[in-house]
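Next come the chains, spelled out residue by residue.
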Amino acid sequence: MNLKTEKSSRRQFLNTVALLTGGLLVSSVTKPFNGLLAASNKPEGNEPWYGIGIDIEKCIGCARCANACKEENDVPREPFYFRSWVEQYTIKNNGEIIVESPNGGIDGFSQSVPDEDIFKSFFVPKMCNHCSKSPCVQVCPVGATFESKEGVVLVDSNYCIGCGYCVQACPYGCRYIHPEKKTADKCSLCYHRISKGIAPACMEICPNDARIFGNLRDKEGELVKFLKEHTCHVLKPEMNTGSKLFYNALNQEVK
Amino acid sequence: MPQQIKKLLIVFTIIFGIFFIIKYALKPKSFGEFGHYRGLAIIENENKQVKYVGTEACNDCHDDIVSYKKEGPHVNLQCEVCHGPGYLHIQDPETNKLIIPSKREKCGICHQKNAARSENNITQVNLKEHNVENKCIDCHKAHNPYEFKD
Ligand code: SF4
Ligand code: SF4
Ligand code: SF4
Numbered sequence: 001m002n003l004k005t006e007k008s009s010r011r012q013f014l015n016t017v018a019l020l021t022g023g024l025l026v027s028s029v030t031k032p033f034n035g036l037l038a039a040s041n042k043p044e045g046n047e048p049w050y051g052i053g054i055d056i057e058k059c060i061g062c063a064r065c066a067n068a069c070k071e072e073n074d075v076p077r078e079p080f081y082f083r084s085w086v087e088q089y090t091i092k093n094n095g096e097i098i099v100e101s102p103n104g105g106i107d108g109f110s111q112s113v114p115d116e117d118i119f120k121s122f123f124v125p126k127m128c129n130h131c132s133k134s135p136c137v138q139v140c141p142v143g144a145t146f147e148s149k150e151g152v153v154l155v156d157s158n159y160c161i162g163c164g165y166c167v168q169a170c171p172y173g174c175r176y177i178h179p180e181k182k183t184a185d186k187c188s189l190c191y192h193r194i195s196k197g198i199a200p201a202c203m204e205i206c207p208n209d210a211r212i213f214g215n216l217r218d219k220e221g222e223l224v225k226f227l228k229e230h231t232c233h234v235l236k237p238e239m240n241t242g243s244k245l246f247y248n249a250l251n252q253e254v255k
Numbered sequence: 001m002p003q004q005i006k007k008l009l010i011v012f013t014i015i016f017g018i019f020f021i022i023k024y025a026l027k028p029k030s031f032g033e034f035g036h037y038r039g040l041a042i043i044e045n046e047n048k049q050v051k052y053v054g055t056e057a058c059n060d061c062h063d064d065i066v067s068y069k070k071e072g073p074h075v076n077l078q079c080e081v082c083h084g085p086g087y088l089h090i091q092d093p094e095t096n097k098l099i100i101p102s103k104r105e106k107c108g109i110c111h112q113k114n115a116a117r118s119e120n121n122i123t124q125v126n127l128k129e130h131n132v133e134n135k136c137i138d139c140h141k142a143h144n145p146y147e148f149k150d
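Quick mapping for you: the protein sequence lines, in order, are chains A and B. Sequence positions in the first sequence follow the numbering used here and run 1 to 255. Sequence positions in the second sequence follow the numbering used here and run 1 to 150.
Hints in this document: simulated from the structure, not taken from any laboratory. It is possible that some hints are incorrect.
Listing some non-contacts, in silico: residues in chain B with all C-beta distances to chain A over 12 Å [unchecked claim]:
1) Leu8
2) Tyr37
3) Leu40
4) Ala41
5) Asn47
6) Val50
7) Gly54
8) Val66
9) Pro93
10) Ile100
11) Ile122
12) Asn131
13) Cys139
14) His140
15) Asn144
In silico DSBU-like pairs for lysine-lysine, Cα to Cα no more than 30 Å straight-line [claimed, not checked]:
16) Lys97/B x Lys51/B
17) Lys149/A x Lys97/B
18) Lys225/A x Lys70/B
Beta carbons are placed, not taken as given, at the ideal position from N, Cα and C, and that holds for glycine.
Construct all of the structure, not just a fragment, from the sequences and the given hints.
Structure below.
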């Protein structure tokens, strides 16, 4: 082989690589992440397309949502298994951030930082974000986790092989392997309830209406109204998961 | 065609043939009906038991308590928040009794003073100081807590 052409083709290759990387970088800066991405840019179709709203300003941290979720969906009672849980964030006067979730909040929260050291404290209820570009669906090797036509991410527990890839893939920590069934489990948006026209258990039980569930295609609907009237954000927008769980009054400190 | 290629072709055909037969045999019937998943999984998910039945169901028998509750601050509270899911109870109320919580800690789950709770959202007390010897429901009527027991 001619030494000269080999050199120039290597240079060409490096040029292409540099161009591609640069292009990606530029496009990620010029096309910034959009929190309302999945709400404003819906796929074609006429079925409902479900999303969730959580109003942090209204949440009283009772974790009755987390408790009801366990009851309704046979989630093991012992700690560490949750489809839904509540975290208390406390930002101290010295800038330190403390995140607590004793048993998901189910047995109540006891304030661990004295009032005079607190700059701000608030509750953040967590659950599956029902992403429209779900990492968990993409990694499942057998097709046991999928997005229904209504945008609900579900697990097929009769087909799941319990490999745990999806548990690793979820950036929000919303999945676990069920200790008895040995299959993946997660929030199903109470599919057995919403398909019968009843609200999910956690939304029905919330004493302060801090949780909203609704159809993103319904322009007059409660959820779209909530999104229009509040400044809503999603968790980890930079991961581009297309999350459909929108928080009002979400502080940047929340991960 | 050279001999060895022919032989290789035969081997490949057999291998792929077996692969497709196995794949056909193992693939569940409803797989791919709506997408890359078992269509039946949708129905299996739909068929799970609904356990929280809602206050309207409670109202069928306990309308006196439900309407009394409406007079006070617990107006929007679902009965099952404190009493637990009612699906078994509405089938057979005698054998399936619901929880009647009485411990102070149960009330504290919502009402314990906490810096993260806004006074606009919820009335709070410090359980460590307020009338520590007694249960909340010794004085307060749980269904309408600003009314007191005699
Ligand atoms: S645990 Fe089950 S659902 Fe999750 S990736 Fe593995 S097979 Fe799929
Ligand atoms: S929607 Fe249902 S499964 Fe999901 S967090 Fe709420 S109660 Fe749990
Ligand atoms: S039930 Fe409602 S108020 Fe209570 S922790 Fe959950 S979201 Fe917050």
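Now the hints, each set against the structure:
For Leu8/B, the non-interface assignment is confirmed: its Cβ lies about 30 Å from the closest Cβ of chain A, beyond the 12 Å cut-off. Some Cβ of chain A comes within 12 Å of the Cβ of Tyr37/B; the nearest lies about 4 Å off, and the non-interface call is violated. With a least CB separation of 8 Å from chain A, Leu40/B falls inside the 12 Å interface cut-off, contrary to its annotation. With a least CB separation of 4 Å from chain A, Ala41/B falls inside the 12 Å interface cut-off, contrary to its annotation.
The non-interface label for Asn47/B is inconsistent with chain A: the shortest C-beta to C-beta separation is roughly 7 Å, within 12 Å. Listed as outside the interface, Val50/B is inconsistent with that label: its C-beta sits roughly 6 Å from the nearest C-beta of chain A, within the 12 Å cut-off. A cut-off of 12 Å between C-beta atoms contradicts the statement that Gly54/B is not in contact with chain A; the least separation is 6 Å. The beta carbon of Val66/B sits about 15 Å from the closest Cβ of chain A, which is more than 12 Å, so the claim that it is off the interface holds.
Interface exclusion of Pro93/B from chain A stands, the closest Cβ pair being 18 Å apart, more than 12 Å. Here Ile100/B stays apart from chain A, with its beta-carbon at least about 16 Å from theirs, past the 12 Å limit. Non-interface call for Ile122/B relative to chain A: violated, since the shortest CB-CB distance, roughly 5 Å, does not exceed 12 Å. The beta carbon of Asn131/B sits about 18 Å from the closest Cβ of chain A, which is more than 12 Å, so the claim that it is off the interface holds.
Every C-beta of chain A lies more than 12 Å from that of Cys139/B, the closest at about 21 Å, which supports listing it as non-interface. Non-interface call for His140/B relative to chain A: holds, since the shortest CB-CB distance, roughly 16 Å, exceeds 12 Å. For Asn144/B, the shortest C-beta to C-beta distance to chain A comes to about 15 Å, beyond the 12 Å cut-off, and the non-interface label holds. Proximity of Lys97/B to Lys51/B is assessed by CA-CA distance (about 14 Å); at most 30 Å being required, the pair is judged to hold.
At most 30 Å may separate the alpha-carbon atoms for a hinted pair to count; Lys149/A and Lys97/B exceed this at roughly 39 Å. Distance restraint check for Lys225/A and Lys70/B: the Cα-Cα separation of roughly 27 Å lies within the 30 Å cut-off, and the hinted pair is therefore satisfied.
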